[in-house]
Amino acid sequence: MTGGDLGGWEMVVGLEVHCELKTATKLFCGCPNVFGDEPNTNVCPVCLGLPGSLPVLNQQAVELAMAIGTALGCEIRPSTFHRKNYFYPDMPKDYQISQYDEPINVDGHLELPDGSVVGIVRAHLEEDTGKTTHAGGTGRIHGSDYSLVDYNRSGVPLVEIVSAPDIRSAAQARAYAAELRGVLVATGASDGRMEEGSMRVDANVSVRRGPDAPFGTRCEIKNLNSLRSLARAVEYEARRQIEVLESGGTVAQQTRHWDEDAGRTVTLRSKEEATDYRYFLEPDLVPVVPDAQWITAVADTLGMLPAARRARLVDLLRADGGAGGAGAAPTAAQQDQIATVVDLGLDDLVVGTVAAGVAAPLTLARAANEAATEPELARGLDPVAFAALLGMEESGSLSATQVKSVLAELMRSGGDPAAIAAAKGFEALAEDTLVATVAELVAAHPDEWQRFCDGDDKLAGFFTGQVMKATQGKANGKAVAAELRRLRG
Amino acid sequence: MSPAGATPAPALALADAIRSGERRAVEVVEASLAAIAERDGELHCFNLVLADQARARAAEVDRMVAAGEDPGPLAGVPVALKDNLCTRGIDTTCSSRILAGWRPPYDATVVTRLARAGAVVVGKTNMDEFAMGSSTETSATGPTRNPHDTSRVPGGSSGGSAAAVAAGFAPLALGSDTGGSIRQPAALCGVVGMKPTYGTVSRYGLVAFASSLDQIGPFATTVADAAGTFDVIGGHDPADSTSLDRPTPRVLSVLDEGIAGLTVGVVRELLDGADADVVARIRAAAEVCAAAGARVEEVSVPEVALGLSAYYLIAPAEASSNLARYDGVRYGLRVEAPDAASMNVATRTAGFGAEVKRRIMLGTYALSAGYYDAYYGQALRVRTRIIEGFERAYRTCDVLLGPTSPTTAFPLGERLDDPLAMYLSDVCTIPSNLAGHPAISVPFGTGGDGLPVGAQLLAPALGESVLFRAAAVLEAGAPPAGDPGAVDPGAGGAVTGEGAR
Amino acid sequence: MPGRYSISRDDVAHVAMLARLELSDAELDTYTDQLGAVLDHAADVAALDLAGVPPTSHALALANVLRPDEPRPCLDRAEVLASAPAVEDDRFRVPSIMGEAP
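Residue numbers (our numbering), protein chains in the order written: chain W, 1 to 489; chain U, 1001 to 1501; chain G, 2001 to 2102.
Because the hints were derived from the structure by calculation, they are not lab data. We put the beta carbon where it would ideally sit given N, CA and C, even for glycine. Check before you lean on any hint, since a few could be wrong.
As the list claims (entries may be wrong) - Quick list of in silico lysine to aspartate or glutamate cross-link-like pairs, EDC-like style, CA-CA up to 20 Å:
| # | chain 1 | residue 1 | chain 2 | residue 2 |
| --- | --- | --- | --- | --- |
| 1 | W | K131 | W | E75 |
| 2 | W | K84 | G | D2089 |
| 3 | W | K22 | G | D2069 |
| 4 | W | K424 | W | E370 |
| 5 | W | K84 | U | D1373 |
| 6 | W | K22 | W | D145 |
| 7 | W | K424 | W | E440 |
| 8 | W | K131 | G | E2088 |
| 9 | W | K131 | W | D212 |
| 10 | W | K131 | G | D2090 |
| 11 | W | K131 | W | D114 |
| 12 | W | K131 | G | E2100 |
| 13 | W | K222 | G | E2070 |
| 14 | W | K131 | G | D2089 |
| 15 | W | K131 | G | E2070 |
| 16 | W | K84 | W | D145 |
| 17 | W | K131 | U | D1373 |
| 18 | W | K84 | W | D202 |
| 19 | W | K84 | W | E111 |
| 20 | W | K22 | W | D300 |
| 21 | W | K22 | G | E2070 |
| 22 | W | K131 | W | D90 |
| 23 | W | K404 | W | E394 |
| 24 | W | K474 | W | D382 |
| 25 | W | K84 | W | E16 |
| 26 | W | K222 | W | E246 |
| 27 | W | K404 | W | E370 |
| 28 | W | K424 | W | D447 |
| 29 | W | K222 | W | E195 |
| 30 | W | K222 | W | D166 |
| 31 | W | K131 | W | D37 |
| 32 | W | K222 | W | D300 |
| 33 | W | K84 | W | D276 |
Said to hold, decoys possible - To give a feel for the contact side, a few chain W residues facing chain U, derived at Cβ under 7 Å:
| # | residue |
| --- | --- |
| 34 | F35 |
| 35 | P45 |
| 36 | P51 |
| 37 | G52 |
| 38 | L54 |
| 39 | V56 |
| 40 | K84 |
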């Protein structure tokens, strides 16, 4: 969708991803961490910042942060919390409690499906702010008459994952965010829903003249609410900066906002005010010092990560012969199928189905294409039943179209695929009926038959279509083709 | 009769009498309310008197006793609370315009613990605004006067609590001590005031001034009452991450163990700069310790001289952040303005007094880019040195002794326009806060002006037992009120006061 | 007297801005004098050579104070909003916010 030549320029992108942790309660108090409740109902003295209240750290939030760190290959370190001081109405204490110079996770990396590796600088814990609604005027921050604040989200635990500036294209930025989302979901740390704001991405973008040139001045892009927005915004911003530089200007370091409708980034006129966060160690909290035993215990709870799950499917294809014989690498189409299957959590289904005796390429294709239309239902499929269904396709007793129809029913209601096929009238045509039907049609279309015998293989499709019509689709296409070839000799 | 008025019966004896049915809580509370009604117009110890609530609570205590239930070790005892302790549904103002009318939706942990022990809260006491001050003159509700001489300050910041106990309005009060705010007013008002080890009393519900230094503690007329109150309010609280999860020393039961065989160190640097009459009293207090069988030696802890400067960087820095939340959005004062930032400015400019603004700006400066290392960072290193200095002293000493305040109570207004002179009032008390150590001020005679002098005892972290034992010795050996300076060295020894059981 | 102290009048104006306080010209002068006196007193601390001394932010040596991830009762909304200076649609109402969070 994006990408392409930047005329000798190279973009340099680093992403900051804020991920809301899927805990039962907030980071520093026992208020429920729930999205979408009535405003100001999930609040207490702590998350409202009432005078005299004190924070107490949520153990589960720490362990999910450690799980993210483990999944990203980070070093998990003794860590502390600081106060980041600035005034803003959505922040009830007018400071944010965040990890600053001693974050819990440092120095990790994330390998993307294409094999490229993006460094992770840090992944630290911090608290979320409340939610502000702008009322009157345009309903946006500028020109609004006043604002309304709901503190339900105040104090929800966040992990901020900061990548190294290792990303070199909009497509890679998107792939990084998608892969990171997969990792966050796999660790159980997050539901990864960008549209609900549980995963929020900011992009730092700069450009330079080729890979050896020094880094340029960067701009931070906010308001990226989808992977698509991320890729579009990064591409737009890089091109904007190149245009500025090529016309002799300089890029100003600033924060820019992605306008999805207009398809461009814009600066926000903000009040002239120097920012000085005056970080200092949060005196109301004590350090978190994970020992090896604790780190191991958290690591042991981790499920397989997306990269390992993809590798497992690649191995399955290779063992099975893949598209190009045993040991061959998956085709591009199969790589897409693998990504889809892992993304939708259908990989256990594929593994189980192949184990039940179905060929890996067929299983993968049916899982990624047909089953994937209803991922929730597909995750509940019994691999043995799915294998039985695909076995009928392999043996030629059901056509691809019929498999699709039976699968839909199987996902919805379960049961025995053979019985469903029978109920739908999909019982395979008796072999002598098929032979007789083909013979009749050959006799009825002598000209077409002659051309087919002269080597025009396209005519096989014509005869198959005629057979299907005559049998109301009950014939197996492969069986028809075999009979035509047998007759031609 | 002392200059402070009638000496109340010690709190624990009162509680015993109420628990045994000998006295009724309603009468005790009524007497307390009557004393307040009679003289608080002059002294202004209270921002709020909770007469109706106190009467209802006292009646409940009496009902429990009548029903054979035990209301607790402080049954029916009137208690005054500093107005920075959150009380559910009851104004908690920190003596600041910015919190005028604010009613917390929750109780501080210490308030819950007092209630569970049967105590009856009679009111919220005046204080320096947000506990920033040493004279209770920075209060938005006007100054509290010293009951011994109403032209003088009661000390601060917990001046209302100290004066309320000294005036006999209540036998017990709670205050908070960030740099001496319990001990210094206790000394100036002639009562006992104690700052516990950091982490032994929950800060949950104490409106923060400087979080790493703040600690709640008791005021009482006797050491035993202070000990009994400490036993009630101390102990682990899961709502405060800095609360120590280990057994807090129980002090009431060890009070009469004396200090024979222990070493008391008189800290030379704490005497430096103190008035001569105050120094004389501390020397006399040392003699009392010696008479009680302790070894007394003079020790030097030169690091404590750096305490004041370090404190006036660290405490304002934390305060500048703790007080950011008073922005006019969620509670308290709002001064309207066209946009949110201007509203914050208008609200804070109108809502805070001069001393609070001074400290917020000082702390903001100490933390700001370019100055952090020179000021805040350096102060934190000094703090390390002070702790090391104390560690050295405690290798040879069990407790340390010095004055609580370099002077007796000073005239109202004297230091109000000279912040540095005011800050110097805390020079003897600050080191304990920086180190997180416990300390107590015990009345020990009067100065040349006839006003009370406090002797300060210091102990290492969690050294409350030895601290209270030494305090009981000093209390028993203290010269009688009004005595111009004669010390009876034979008066030392184990305390057997009526409050001790 | 500006310039005499380790903090300038401009510094005081800057910290007042950071702290969201407004000072009159007279106040600016007074505070410059007063803060200067306190900071000059702190010069003894600033001048110490403490290069090898670790900072103590906290006298406590605690670590890993954690809370189980179990919900606790929230406050009643009516009680929470009762202390607010302005409320609309069960939310805290504030005048228009001129800029994004920094």
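Structure versus earlier hints - violations, ascending order
1, 2, 6, 7, 9, 11, 13, 15, 16, 17, 19, 24, 26, 28, 32, 34 and 40
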